[in-house]
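Once you've looked at the hints, dock chain A against the given chain B.
Number of protein chains: 2
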Amino acid sequence: MIMLGFGKLNMAVVGTGYMAGKMAETIRYVSEVRPYAVCSRSTDRAYEFARKYGFKKAYGSLQELLEDRKVDLVYIATPHSEHYEQVKMCIEYGRPVLCEKPFCLNAPMAEELLALAHEKNVFAAEAMWIRFLPFAGQILETLRSGIIGEPVMLTAGLGYNVGRVRRMLDPDLGGGALLDIGIYLLNFASMVFGDDISRINAHCTYTALQLDEQESITLRYSSGRIAQLAVSMVGVSDRRAVISGTKGCIVIENVNNFESLTVLDSDHNKIASYKRPGQRTGYEYEVRACARAIRDKRIEVEEMDHEQIISILHMTDHIRSQLKVRFPQEMNEQELEAYHKFRAEHTASRNKETAAPAADRAEEAGAAGEGTASAGADRPAENGETLLPAAAAGTEKGSASGGDLPEEPA
Amino acid sequence: MIMLGFGKLNMAVVGTGYMAGKMAETIRYVSEVRPYAVCSRSTDRAYEFARKYGFKKAYGSLQELLEDRKVDLVYIATPHSEHYEQVKMCIEYGRPVLCEKPFCLNAPMAEELLALAHEKNVFAAEAMWIRFLPFAGQILETLRSGIIGEPVMLTAGLGYNVGRVRRMLDPDLGGGALLDIGIYLLNFASMVFGDDISRINAHCTYTALQLDEQESITLRYSSGRIAQLAVSMVGVSDRRAVISGTKGCIVIENVNNFESLTVLDSDHNKIASYKRPGQRTGYEYEVRACARAIRDKRIEVEEMDHEQIISILHMTDHIRSQLKVRFPQEMNEQELEAYHKFRAEHTASRNKETAAPAADRAEEAGAAGEGTASAGADRPAENGETLLPAAAAGTEKGSASGGDLPEEPA
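Here the protein sequences come in this chain order: B and A. FYI, numbering that gives the first Met the number 0 numbers position 117 of the first sequence as 116, with every residue one higher than the one before it. FYI, numbering that gives the first Met the number 0 numbers position 174 of the second sequence as 173, with every residue one higher than the one before it.
Treat each hint with caution, since some may be false.
Remember, identical chains collapse to one label, so a pair may be satisfied in a single copy or spanning two.
Listed below are the simulated DSS-like cross-link pairs for lysine-lysine, each with C-alpha atoms no more than 27 Å apart in a straight line [stated by the list, open to error]: (1) Lys269 x Lys21; (2) Lys323 x Lys119; (3) Lys246 x Lys69; (4) Lys21 x Lys246; (5) Lys51 x Lys323; (6) Lys21 x Lys274; (7) Lys274 x Lys7; (8) Lys269 x Lys351; (9) Lys51 x Lys296; (10) Lys119 x Lys340; (11) Lys21 x Lys340; (12) Lys55 x Lys246; (13) Lys7 x Lys55; (14) Lys7 x Lys56; (15) Lys87 x Lys7; (16) Lys21 x Lys7.
For the record, the hints were derived by calculation from the structure and aren't laboratory data.
With the rest of the complex left out, here is chain B (with noise of 0.2 Å):
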């Protein structure tokens, strides 16, 4: 790539944790960027992690870090629920930020962030890497050949087991298999079926402390087309997705991060095939649009603009509002002191539980119905992360659904 004689930019990363992480090993393939700063609430972290990566510069706060005026471009990777706050801060700083997905919480969060960079003129991107990665203008571009003639329909899933993972467990950090992992296929039927959606409807069962554990959300779009996702944060899945035409069908292995397209005649023959060209980490596509928009003092980048971060959040609200599942950032004074109500109800519960004889539990975890998922049943831990003590095995599951609300998510 020409960098027009402009040196690199310097980047900071805030927090220090897996993503963290796979950003610092991404800088070093990028020759637009060079590791900058990074900053932890813990220091210690903060210092060990930029002797690791190479980072010049070591904080204790995302402030210290802003008020560094060498700082060209932060990105986030901390817990969902720091969002907000974090790119709020960076963009009155008039530092140009890329947050990890979500970008925030709910689509009015991202509107009132969105509008600020505008008016600051701070660039501000959300580092959902599929929009970024090459091969999606492969799988465009295979549709478009109408290789599979009329494409009708699209399936995808994708599931992990980080059941007990402590940051999706939590509805103070936003968790729930959502905003984690569902995104990804929300945001892969966006670039594949674009947002004139007619109708979203999902349909769940819930963790312990009524977040959403697996989702099935069905998106009908004015064409008559539809979408039709399965998310789970307990099931492992398959990663594929489908899009289903008239003629054939086109077959992505790993929604995730896109490895393979095939595609299948009526008959189902392999006709087509490609590979994904090799790739560094993956992440460096969304820091390399970064880079290129900042150097043409854009504020935005195309593969995912302001209005298309605001569109998928938008319809992540109205599937938490069918799911009733909402965060304590959400709630007004009365409802958030009967979340803390049923949240130390639980904790109690819990920790009776822990207490009681090993026989008593695992037969309580029976009667909970067949013990499967966050019902008492114990899952090894993954990455390394925090695990939250096993839920209460007493805890019945739930599951809910939700009607169409009257007007379009986008």
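Just chain A now, with coordinates in the frame of chain B:
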């Protein structure tokens, strides 16, 4: 198989279409039965079929066929709408009967027929062939082995472009995607997750005559599991089913005729795989199961007993009720009148459409919304089946969904 000295069963086929031919091909591979008689409303077609497949007798009506006391097993391969009357006649004549799926249009009809089978002590079965395939045992065994941990979710998609085949489009013939295609997925889910369903939700798009064209079905089980099913009569799917567990997933290729099974671990590495052993047409297993049951003087098969036939039809009734898809056979006089009026208007608008200049038609089709699916898109004939003329281009595509019904379907 030890035949214990009994002779072969004389098998009769009702209908001379695609499935009748498949069954005639199958009979030659099954030592327990022999081709004996065929009937069709067209005596010519019956004779031709008998000659082609080596059947001894050709009849011009079901009654004549049933009056032949040498008939040991009747296989029905006529449109869905005929099943109820034809199965009833078989039972009344005391002739064992294997009827193509769906066994009949709805659960009350099946309950009546199967009660009659009990009363008259006559064998009756539904030809839901995937229930009889030996590979189903391999799937259940793999699941029970615990290799994917606790199963939590199931997804399956089945779609073919048969959207201009007459019987699919005609309410009088019990058309629509659910009873012809979706029923396989309901049976698959039932085999894998059982029938302890707490909620069913379905959403669909419609054909010009208000039949379900594509649908998204979500089943939630009392255990907290979810099954998500995607059905289409206009789009080609990958026919894949995935059972997601806490430690990995089982991927099944071709949920309509199991071809292979692959187990992926939580890192998506392939850790086991099985291919289906060789088979003839695949229908030999259902025929053998019927022959065994008849020899043993049973009136149902273990693979799909009468309770299961009714249970699946309760599910399709429940789904159709949400989707507001009903057949004329289920309507009262007033509803029938409205239906015939609607149908006549549709035919008139279609004829007017056909008379309009081609260029205008194309423009109207475009105006109807991206020209997808049944809205005038030209699709090829499949399997030489009768095609309806293209649906009226101006007909708006609708979509709908229903809430949860209070009772469980099974």
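Now the hints, each set against the structure:
Taking the shortest Cα distances, lysine 269 and lysine 21 sit within 27 Å of each other only across copies (25 Å), while inside one copy they are farther apart (35 Å). Taking CA atoms no more than 27 Å apart as the test, lysine 323 paired with lysine 119 passes in neither setting, with 35 Å inside one copy and 52 Å between copies. Taking identical chains as interchangeable, the C-alpha atoms of lysine 246 and lysine 69 are never at most 27 Å apart, the minima being 55 Å within one chain and 46 Å between chains. When the C-alpha separation of lysine 21 and lysine 246 is checked against a cutoff of 27 Å, the pair qualifies only between copies, where the shortest distance is 24 Å, while the shortest distance within a copy is 40 Å.
Proximity of lysine 51 and lysine 323 under a CA criterion of 27 Å is satisfied in neither setting, with 43 Å inside one chain copy and 62 Å between copies. For the identical chains of this complex, lysine 21 and lysine 274 are intra-copy neighbours only, at 23 Å inside a copy versus 38 Å across copies, given an alpha-carbon limit of 27 Å. For the identical chains of this complex, lysine 274 and lysine 7 are neighbours neither inside a copy (32 Å) nor across copies (54 Å), given an alpha-carbon limit of 27 Å. Taking the shortest alpha-carbon separations for lysine 269 and lysine 351, neither the intra-copy value of 57 Å nor the inter-copy value of 41 Å comes in at or below 27 Å.
For the identical chains of this complex, lysine 51 and lysine 296 are neighbours neither inside a copy (32 Å) nor across copies (76 Å), given an alpha-carbon limit of 27 Å. Within a single copy, lysine 119 and lysine 340 get their C-alpha atoms no closer than 41 Å, and across copies no closer than 62 Å, so neither meets the 27 Å cut-off. In this assembly of identical chains, the alpha carbons of lysine 21 and lysine 340 never lie at most 27 Å apart, being 38 Å within a copy and 64 Å across copies at closest. Taking the shortest alpha-carbon separations for lysine 55 and lysine 246, neither the intra-copy value of 56 Å nor the inter-copy value of 41 Å comes in at or below 27 Å.
Taking the shortest Cα distances, lysine 7 and lysine 55 sit within 27 Å of each other inside one copy (14 Å), while across copies they are farther apart (86 Å). In the homo-oligomer, the alpha carbons of lysine 7 and lysine 56 lie at most 27 Å apart inside one protomer (16 Å), although the nearest pairing across protomers, at 86 Å, exceeds that limit. Taking identical chains as interchangeable, the C-alpha atoms of lysine 87 and lysine 7 lie at most 27 Å apart only when both belong to the same chain, with a minimum of 25 Å there against 81 Å between chains. Within a single copy, lysine 21 and lysine 7 get their C-alpha atoms as close as 19 Å, which meets the 27 Å cut-off; across copies the closest is 68 Å, which misses it.
The structure does not agree with the numbered hints 2, 3, 5, 7, 8, 9, 10, 11, 12 stated previously, though it agrees with the rest.
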